[in-house]
Structure formats: structure tokens, C-alpha cells
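Number of protein chains: 4
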Amino acid sequence: MGDTLYERLGEKPGITVLVDRIIDLHLQNPVVGPRFQHADVDRGRAMAKEFFVAGSGGPEPYTGRSMPEAHRGMNISEEEFLAVVDDMMAAMDQLGYDQRERDEVLAIAYSLKGDIIRQ
Amino acid sequence: MGDTLYERLGEKPGITVLVDRIIDLHLQNPVVGPRFQHADVDRGRAMAKEFFVAGSGGPEPYTGRSMPEAHRGMNISEEEFLAVVDDMMAAMDQLGYDQRERDEVLAIAYSLKGDIIRQ
Amino acid sequence: MGDTLYERLGEKPGITVLVDRIIDLHLQNPVVGPRFQHADVDRGRAMAKEFFVAGSGGPEPYTGRSMPEAHRGMNISEEEFLAVVDDMMAAMDQLGYDQRERDEVLAIAYSLKGDIIRQ
Amino acid sequence: MGDTLYERLGEKPGITVLVDRIIDLHLQNPVVGPRFQHADVDRGRAMAKEFFVAGSGGPEPYTGRSMPEAHRGMNISEEEFLAVVDDMMAAMDQLGYDQRERDEVLAIAYSLKGDIIRQ
Chain A
1 MGDTLYERLG
11 EKPGITVLVD
21 RIIDLHLQNP
31 VVGPRFQHAD
41 VDRGRAMAKE
51 FFVAGSGGPE
61 PYTGRSMPEA
71 HRGMNISEEE
81 FLAVVDDMMA
91 AMDQLGYDQR
101 ERDEVLAIAY
111 SLKGDIIRQ
Chain B
1 MGDTLYERLG
11 EKPGITVLVD
21 RIIDLHLQNP
31 VVGPRFQHAD
41 VDRGRAMAKE
51 FFVAGSGGPE
61 PYTGRSMPEA
71 HRGMNISEEE
81 FLAVVDDMMA
91 AMDQLGYDQR
101 ERDEVLAIAY
111 SLKGDIIRQ
Chain C
1 MGDTLYERLG
11 EKPGITVLVD
21 RIIDLHLQNP
31 VVGPRFQHAD
41 VDRGRAMAKE
51 FFVAGSGGPE
61 PYTGRSMPEA
71 HRGMNISEEE
81 FLAVVDDMMA
91 AMDQLGYDQR
101 ERDEVLAIAY
111 SLKGDIIRQ
Chain D
1 MGDTLYERLG
11 EKPGITVLVD
21 RIIDLHLQNP
31 VVGPRFQHAD
41 VDRGRAMAKE
51 FFVAGSGGPE
61 PYTGRSMPEA
71 HRGMNISEEE
81 FLAVVDDMMA
91 AMDQLGYDQR
101 ERDEVLAIAY
111 SLKGDIIRQ
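Residue numbers (this note's numbering), protein chains in the order written: chain A, 1 to 119; chain B, 1 to 119; chain C, 1 to 119; chain D, 1 to 119.
Quick caveat, the hints were computed from the structure, so don't treat them as lab data.
Glycine included, C-beta positions come from ideal geometry on N, C-alpha and C.
Check each hint, because a few of them may be wrong.
Stated by the list, open to error - Okay, the calculated beta carbon distance ranges per label pair:
| id | chain 1 | residue 1 | chain 2 | residue 2 | range |
| --- | --- | --- | --- | --- | --- |
| 1 | B | 61 | D | 27 | 35 to 41 Å |
| 2 | A | 69 | C | 54 | 51 to 57 Å |
| 3 | A | 65 | B | 61 | 48 to 54 Å |
| 4 | C | 61 | B | 90 | 30 to 36 Å |
| 5 | A | 33 | B | 28 | 26 to 32 Å |
| 6 | B | 73 | C | 10 | 16 to 22 Å |
| 7 | B | 28 | C | 61 | 39 to 45 Å |
| 8 | A | 66 | B | 11 | 33 to 39 Å |
| 9 | B | 73 | C | 3 | 54 to 60 Å |
| 10 | A | 60 | B | 38 | 27 to 33 Å |
| 11 | A | 27 | B | 24 | 53 to 59 Å |
| 12 | B | 20 | D | 20 | 26 to 32 Å |
| 13 | D | 4 | B | 38 | 44 to 50 Å |
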């Protein structure tokens with residue numbers, strides 16, 4: 001596999017499958033599922049795919065709101081943040097990604113924590 | 001003071017002052033403040049006043065959404081619920097309400113917990 | 001039934017049954033159960049019975065540590081506190097206590113919150 | 001610097017300074033500080049140093065209890081777990097460790113989450 005995380009995630013096709021799996025897990029996750037029941041999940045999937053592409057070094061930009069703006073007023077807790085990370089790691093594991101890629105995604109997710117929690 | 005909680009809360013004028021005080025405290029409360037930063041606080045005040053009037057035995061109906069519906073997708077935590085109750089008790093204390101009224105409002109708030117948390 | 005909460009809880013026999021029921025529920029409660037797995041549950045039951053007797057106006061003293069001292073270093077969360085209150089209310093409901101007694105116990109529990117959480 | 005994480009953390013002298021810094025931060029951290037106020041902090045420091053040495057590929061064994069055993073009955077929350085990770089990352093940052101080492105320590109901490117939370 002190539003050198004950028006984007007390539008190692010399987011480029012856009014890989015990221016599409018990965019984000020869909022992550023959000024499928026969120027919908028079933030008792031800790032964060034309620035957030036998604038009445039949200040625009042289709043838009044959430046589209047924005048998350050753009051965010052993964054851009055954030056992993058892919059060729060297309062993220063056109064959504066900034067992380068603080070996107071989570072404004074949601075008052076997301078530490079428990080919810082970890083549940084989201086757990087779903088990301090579980091999805092990557094289910095799809096056969098290696099430890100190296102999982103650790104890189106974990107580090108990116110953790111670096112965004114302050115822009116996501118308690119906004 | 002009269003017999004119904006509505007009368008003992010000071011009827012509509014008393015409830016208006018009380019709810020405004022509670023929501024002022026929410027806005028400054030680090031645990032729940034973020035929820036209100038980008039919400040329609042004016043509508044929140046109006047609905048909360050109606051809810052207190054109707055819920056305390058007053059003569060006017062509550063015209064808002066049901067409790068589960070009003071909190072749908074917010075995924076409110078136990079910590080947030082208790083912060084709201086704390087603000088209610090603090091506001092009643094600041095405004096000179098007696099223990100009896102505070103305990104009745106506490107019991108009502110607690111009875112609504114299951115319709116508010118993790119919706 | 002008599003006038004003090006102690007009498008209305010059924011004096012020592014009633015409180016013994018009530019506290020045992022509450023702690024049985026705690027042991028099965030996923031939120032607080034882990035706290036009890038390796039604790040001295042027998043001592044906990046004895047101390048809680050004393051505390052209920054003394055706190056409801058009964059004739060015998062509470063000989064345990066102060067509330068902050070008893071919870072020191074446990075870092076009890078708001079979620080855990082509410083789980084304990086829920087078990088208390090559920091046990092009182094199962095044992096047929098009236099709303100009045102449940103509300104009084106709720107008010108006492110709430111008044112102790114600051115000495116229990118995050119000690 | 002060498003290849004194993006143990007070498008890159010500065011071997012035993014580096015780990016000693018790092019763990020002391022982490023625990024100093026824990027003691028001041030409002031989220032987890034209360035846990036340490038009445039704990040045997042000296043033993044905690046010693047065990048954490050051993051754990052870091054062994055877990056980073058160092059030459060000496062960890063002689064303490066297993067992670068689940070060491071946290072049994074503490075009912076550690078997700079919020080507390082993240083506060084501990086934050087202190088670890090802040091200490092590494094203060095001491096000038098690179099992103100690569102921070103990300104490896106983050107991945108190890110995350111891999112232990114299930115043995116630490118809600119035991």
C-alpha cells in the first residue's frame with residue numbers, strides 16, 4: 001500500500017465503506033445512537049467521508065463546518081467521544097485494517113477531542 | 001399561601017420570575033451552558049413557564065411538545081440532568097421559597113427524569 | 001402510620017427490609033454494581049441501616065463516618081448518584097411505600113449529594 | 001534514539017521523570033485528583049514506572065496486579081480515563097517527546113481501556 005494514510009485507507013472507495021460502517025455502528029450504539037435518531041444521517045455520512053478524505057491527505061477538500069461549529073450546542077460528553085472512537089476502531093478492525101492505520105486514525109481522533117467535547 | 005403548588009409558587013408572576021432565574025443560572029452553568037448558547041432561549045423560557053404553570057396545577061395548559069419529544073436527539077446525561085435540578089433548587093433558594101416547595105419541585109423533576117435523559 | 005419518617009418507614013424492621021432491598025438492587029445495577037463487588041457489603045448494609053434510622057428521626061445514632069469521609073477517594077459521579085437514588089425509589093415502590101415517604105427520602109438523598117459526589 | 005519505545009522514552013531515567021510528571025498532573029486534575037487524595041501515591045508511582053518500563057519493551061518486569069485487578073471496584077468512568085490520557089499526553093508534550101512517541105503511548109493506553117473502565 002502507498003504512503004499517505006489516504007492511500008492506506010483505500011482511497012475514496014475504502015473510506016466510503018469505512019465511514020458507512022462506522023456510522024452503522026453509531027446508529028446501534030446505545031451511548032451515541034440517540035444523537036442520530038432524528039439527525040440528517042445522510043448528510044452526516046457525506047460530511048464524514050469528506051472529512052476522512054481531506055484529513056488523511058486525500059485530494060479533495062472538506063466542505064463542511066469546522067469541528068467546533070459542527071458540534072456547537074451538542075454538549076458531547078467524554079463517554080460519547082470514546083464511544084465514537086470505539087466504533088471507528090471496531091469498524092477498522094472488522095474491515096481488516098492494520099494496527100498502524102488504526103493507531104493513526106486514533107491519534108487524529110484524539111487530536112480533535114478538544115474541538116468536539118462540550119461545545 | 002394557597003394550597004396548590006401553583007399558588008405557593010406565586011402563580012404566574014412568581015413562576016415567571018422563577019423560570020427566568022433558573023434559565024439565567026443554566027446559561028452560566030458550565031455543565032449545561034453549552035446547550036443554550038445556540039438555542040432559542042426565548043422560546044425555551046416561554047415553554048418552561050407554561051410547563052411550570054400547568055405542572056403545578058395552574059389554570060393554563062402547556063402547549064409545547066411532550067418531554068421525550070422536546071429532548072429527542074439531545075442525549076442528555078445524568079450529569080446534565082442533575083445540573084438542571086441544582087439550578088432549579090438554587091433559584092428557589094435565592095428567591096426565598098420554603099423547603100416544602102423545593103421538595104415538591106424536586107419530586108416533579110425527578111419523576112420526569114426518564115423522559116429527559118438519553119432521549 | 002405515625003408522624004416521623006422513622007415511624008412511617010416502619011421503624012427498625014421496616015428500614016432493615018428496605019435497606020436490604022436497596023443494596024440488593026445496587027449489586028445488580030450495572031452503573032454501581034462494580035463498586036460493591038469487592039467491598040464489605042455486610043458492613044455497608046449495617047451502616048446504611050443506622051444512617052436511615054438516625055436520618056429519619058429514629059432513636060438510635062449513626063456510628064459510621066461522615067458522608068464525605070465515607071466516600072473519600074471514591075470519586076462518585078452524578079450518574080452513580082442517580083443510580084443509587086433510582087434503586088432507593090424502586091425499592092420503596094416495590095415495598096409499597098407511598099409517594100409522600102418516597103418524596104421525603106428523595107429530598108434527604110438530594111440534600112446529601114454534595115457530600116457524596118466527587119469526594 | 002533507539003528503536004524500542006523503551007529506548008525512545010529515555011529508558012528508566014526518562015520513564016521515571018515522565019511518570020512523576022504524569023502523576024503530579026493527576027493530583028491537580030479536578031476530574032481524577034480525588035482518587036489520589038487518600039491513595040498510596042508512592043506505591044502508585046512505583047507501579048506505574050514498572051508498568052511503563054515493561055510495557056514499552058524495557059528489560060524489567062511489571063510486578064503489580066493485572067490491570068482489571070488493579071482497578072477492581074473503582075468504577076472508573078470514561079471521563080476519568082480520558083483525563084488520565086490527557087495528563088499523559090500533556091506530560092509528554094511538556095518534556096519534549098515527539099508526536100511519534102506520544103501516539104504510541106496513546107495507542108497503548110487506548111488498548112488498555114477495557115481493562116480499566118468500569119471494573
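Exercise. Hints the structure violates: just list their numbers, smallest first.
Key: 1, 3, 6, 8, 9, 11, 12
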